[in-house]
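*Asks:* Below are the chains, spelled out letter by letter.
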Amino acid sequence: MDSLTLILILPLVGALILFLSSKNYATLSIIHVIVSGITSLALLFNVYKVLVSGTFFSYDKFLFLDSLGAVFLVLIAITGFLVNLYSTIYMRWEFEEKHINLVDLRRYYGLCHVFIFTMTLSVICNNIAFMWAAIEATTLASVFLVAIHKDKKSTESGYKYIVLCSIGLAFALYATVLLYSVTFTTTQNSDTAMLWTTIMSSAKGLNENAMKLIFVFALIGFGTKAGLAPTHTWLPDVHAQGPAPISALLSGVLLKCAMLAILRYYAVTASATSFEFVQSIMLISGTITLFVAGIFLIRQHDVKRMFAYHSVVHMGVIAFALGIGGELGVFAAIFHCLAHSFTKALAFCSTGNIARIYGTKDMTKMGGMIKIAPVTTIMFAAAVCSLVGVPAFAIFVSEFLVFKGAIVTGQYFAVALFAIALAIIFIADFSHFNMASFGEPKGEVLHNKEMKFIENLPLILLCVLIIVFGVWHVDSFFTLVENGVKIIMGV
Amino acid sequence: MEMIDILAICMIVTSLAVFGLRNLKLSVGIYALQTMILVSIFTMLSVKFSAHQLGMWAVVAFFTKVVLVPTILFCLIKKLSVISEDEPVGGFFVSPVIAMGFSLAIAMSIYPIFLEFSLIKEKIVLIAAVTVFMMGVFGFMLRNSFIKQILAYCLFENGIHLTLALMAYNSHELVELGILTDAIFAVIIMSILAIRFYKAYDSLDTSKATNLRG
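Sequences listed follow chains A and B, in order. Counting from 1, position 104 in the first sequence corresponds to residue 103 in numbering that gives the first Met the number 0; the numbering is continuous, with no gaps. Counting from 1, position 117 in the second sequence corresponds to residue 116 in numbering that gives the first Met the number 0; the numbering is continuous, with no gaps.
Keep in mind that the hints were calculated from the coordinates and are not lab data. Heads up, none of these hints are tricks.
Below are the DSBU-like pairs computed for lysine-lysine, each with C-alpha atoms no more than 30 angstroms apart in a straight line:
1. A:Lys151 x B:Lys78
2. A:Lys22 x A:Lys152
3. A:Lys149 x B:Lys24
4. A:Lys149 x B:Lys207
5. B:Lys77 x A:Lys151
6. B:Lys207 x A:Lys360
Working from the sequences, and respecting the hints, build out all of it.
*Replies:* Okay, here's the thing in structure tokens:
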């Protein structure tokens, strides 16, 4: 069995074991962590293979892993594992407070691994139709993770999630079918016309007008899933209702899988038409997303909705970076995927701690968190600092590169818009952070002490990663990103 | 006019019926009929253009979309004991007119691009495929009943499958299987959500889902 097949089989086997396991909290949690750990190691082994020997294929080129895909496998491996680790802690609290039972817990753990499987498949599919099917499957696998509770709000979030993403992805399927036909017209080879590698290598000969339509369809489709405005509306509702670790997985990993699809369509369309076309579309999409989400962000008092709007904002940043274009812009976009993944995972996991302390997600009812739980407050602060682009945190790197890329290419008006959007986010975030962290508690405090060190460990590790990627030049990862940029730029 | 074109027009008409009929059982029945027409079109295209893959698609589509999906939906309707759909956006009479008008307009405007790259250049069938797809999209937007929205999903799946048959029938057989599998899982999951929705709201009217705005 080759290593690409292994990373698909491991989570599925893990899910099967969990679905068949005894209904015992400790057993389920241990299996969950072990399967996550093994899967993540296997994922990182594949990333290592790419670093050592470049792109490799499996199953008659049906599956492949290039540097661009490897960046996203890193997210699934690291963010996925740390969030799954935090899941066992968060779910224990939910279980102790009788919000869920062991049957729900078993289903939750099992579905987490099915979810990881679908995301992994979407990243390593060389076949465009299977990549679409995998991204659609991510919705199907995660809908009951989001709607784990059976109340009105939870059901509503699940409904909105599946409906909006399904409509959006239908457009992406049209883009997929049309891209195949356009490629087949050029290559006359039905076996390879659905493979990214073939499409990319023959992109220069593809029909320009058709590619423009395909890109617009793909942007509507995968953009809905990625959370780009105006089809982002499912995202705040889903994040607000899902358990904190699921919000972390959705925001930290899932959105990036859809973004990877957009990146691939961006590369093909740019090669077939021009970079000016895709850049202008992405610039418009990114700017609209930044401002729409920024405005909604200001008036959010629910900590999870606030971070959900942040996800939309940062998808806007990625789109904007692609709009700026050039090697710097594309580098920033890919790096931002990683920076945002770790940051958002930390942010949502810290909301799990916060919800335990106050029993609410409404920040107007919090206050004084620094005295109750200083470590959680520091983690929360680190997430907020990174999200607004404070230096020494990972997101600063990519946002700085966006500024640099825009200035180098003379896009001053775009830079001004970007700066205004970031200022809005900065003000909104720190006012919210102060509301929750300082002063006296304004509402009830259910858990009047800090979490144990072991419970905070996944958060601390995520925080360390954010700082590491904000301060150091992590050579191996930067190599992957640089090679990813070359793939997109068609170099 | 050839038989295949007549069947394509029948798909447009049945999509209007699935969209517009108030009785849910009747809507599901018409959907099954539409899928049967789709299977017939697959078979005829397979013979006419020697596209043997489409023969296999027809068999798979018959079992999954003519038998399995309607069965799931009939079971859902029986379990929830609902007969008619809830008042749609714009009313029962206006919404089908809007949906069909816009769907045909969109289909007429984009089919020339599709036709240029289509492996099977059947103009009317291609227009029907896009129209049925758009009727599905409008079904999601304009109909409030959860079951009608599941049917809308099924409609745009039919539209996409017809497009796929015309534009990419020679693609790997696993592709069709993957897309079909996704669609069936989606219908099952939506049906489970519909049951939960009915229990939570005591209705299938999705316009009542307003707890999460803002």
